[in-house]
Structure formats: structure tokens, C-alpha cells
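Using the sequences plus the hints, can you model the full thing?
Read off the chains here:
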Amino acid sequence: AQSVAQPEDQVNVAEGNPLTVKCTYSVSGNPYLFWYVQYPNRGLQFLLKYITGDNLVKGSYGFEAEFNKSQTSFHLKKPSALVSDSALYFCAVRSYSGAGSYQLTFGKGTKLSVIP
Amino acid sequence: DGGITQSPKYLFRKEGQNVTLSCEQNLNHDAMYWYRQDPGQGLRLIYYSQIVNDFQKGDIAEGYSVSREKKESFPLTVTSAQKNPTAFYLCASSIGLAGGTVYEQFFGPGTRLTVL
Numbered sequence: 611a612q613s614v615a616q617p618e619d620q621v622n623v624a625e626g627n628p629l630t631v632k633c634t635y636s637v638s639g640n641p642y643l644f645w646y647v648q649y650p651n652r653g654l655q656f657l658l659k660y661i662t663g664d665n666l667v668k669g670s671y672g673f674e675a676e677f678n679k680s681q682t683s684f685h686l687k688k689p690s691a692l693v694s695d696s697a698l699y700f701c702a703v704r705s706y707s708g709a710g711s712y713q714l715t716f717g718k719g720t721k722l723s724v725i726p
Numbered sequence: 004d005g006g007i008t009q010s011p012k013y014l015f016r017k018e019g020q021n022v023t024l025s026c027e028q029n030l031n032h033d034a035m036y037w038y039r040q041d042p043g044q045g046l047r048l049i050y051y052s053q054i055v056n057d058f059q060k061g062d063i064a065e066g067y068s069v070s071r072e073k074k075e076s077f078p079l080t081v082t083s084a085q086k087n088p089t090a091f092y093l094c095a096s097s098i099g100l101a102g103g104t105v106y107e108q109f110f111g112p113g114t115r116l117t118v119l
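Protein sequence lines, in the order shown, are assigned to chains A and B.
Letter by letter, the first sequence follows residues 611 to 726 of the numbering used here.
Letter by letter, the second sequence follows residues 4 to 119 of the numbering used here.
Treat the hints with caution; some may be incorrect.
Said to hold, decoys possible - Below, in silico cross-link-like pairs of lysine to any residue (SDA-like), each with a Cα-Cα straight-line distance of 20 angstroms or less:
1) K718/A x E107/B
2) K659/A x Y106/B
3) K718/A x T89/B
To be clear, the hints were calculated from the coordinates, so they are not data collected in a lab.
So, in C-alpha cells, the structure goes:
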């Protein structure tokens, strides 16, 4: 079964410092990976996805993610954190659900707090 | 959250009652999904639908029911058989489910259900 793991429940970073939110995956076949962000009491917003090609994927709001096949990781990064980046971040992987259809399997989320 | 609406934002239910959560999208997407979110558990898939008049159980379908009579609408009923329904419910849609193209999901703002 396809799965993702987010090893950190919470990440704290000072404003202006680089941030990393970690994600590792377990898939059979090619991995299709996603990052989403959720602000309090809101739905999820899509940040970026990896399908194939360049291992560094650029997304919304200055975020990027680095795909590493040998380490089975897909870490989310930003060069300079903003207080407004404080939110809950979810990694997800596309998984096969039968009859030619697919679904997303989500990690448990990582709470990012950017400290002024 | 643009393009997907969920109502109501907050819902209170007495034990033994069925309640229906609304989800409407104007994105002309074929696929729609319902997730349940509990603190520290990420998102878990309840039901999904690839096309009108067709839907499939997700990982935690027991105690829930859905219908897909129109492309734009995918209501979720939480029945009295659901033993612990207090949670945040998220509806999502995507262009499609099948095939080799990898589509991201777009999420609504969510409905918070509380059992009194």
C-alpha cells in the first residue's frame, strides 16, 4: 500500500530563517507526491506536486520541494519563513484504489510555527 | 477554497439523528471526495465519486452515506450508526480519477460537526 510519513508533529522556525517540513514515502511504482497547507478552520490549499522530471519542484507562495528517490523523501522547503506561513502542512501520495481509479493518501500533518 | 462550497460551516447534532452535509462545486470536475479530519490523524477518505450516479467507499465509510445525482453536488449523510461523528468534514473535487494524468484536489472550507 502507498503511504507517506511526516516524522515531525511540530516544527518551529524563526522568521527569516529557512524552513523544512519533512515527508517520506513508501510506494510501489512511480511516486506522485503532493503538498497541501491548511490554515485554522479552513480547507486545504494545494502547494505543489511532483510527477516526474526535475527533482526540485516550485510551488505557490515561495515554497519548493525536493524529491529524493534514494532517500524516498519529498521535503517541503522555503528559503525565508514568514509568520504568515504558520499553518498545518500535509504531504500526500497518489495511491491506486482499484478499477482504474486513484485517490490521495495523506500524512498526519506537521504544524509549522514561525516565531517573530 | 474557491469553486467548492460546503454548508453549513458549523453543525450540531443530537445523538440518534441523521444529518446531511452539503458540498457543491462549480469547477466542472468529474471526481468528488469526502474526508474526515480528526486532530493528529490527518485526513481519512470516507467516500469518493468518479462520475454521476456512481460512488465508492473509502477507508472509513461505515456510518456514512452519499449520493451523486448531479455533477456539481455530493452530499454526505452522517447516520446514527456513526458512533463518533464529531469531526471536521472536508469535501474536495478534482478533474478526474482515472488514467495517467495526475490531478490535484481542490478543497472546500469544511463543516465542523459536533454531537451534543
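Hint check:
no. : hint            : verdict
1   : K718/A x E107/B : holds (18 angstroms)
2   : K659/A x Y106/B : holds (9 angstroms)
3   : K718/A x T89/B  : holds (18 angstroms)
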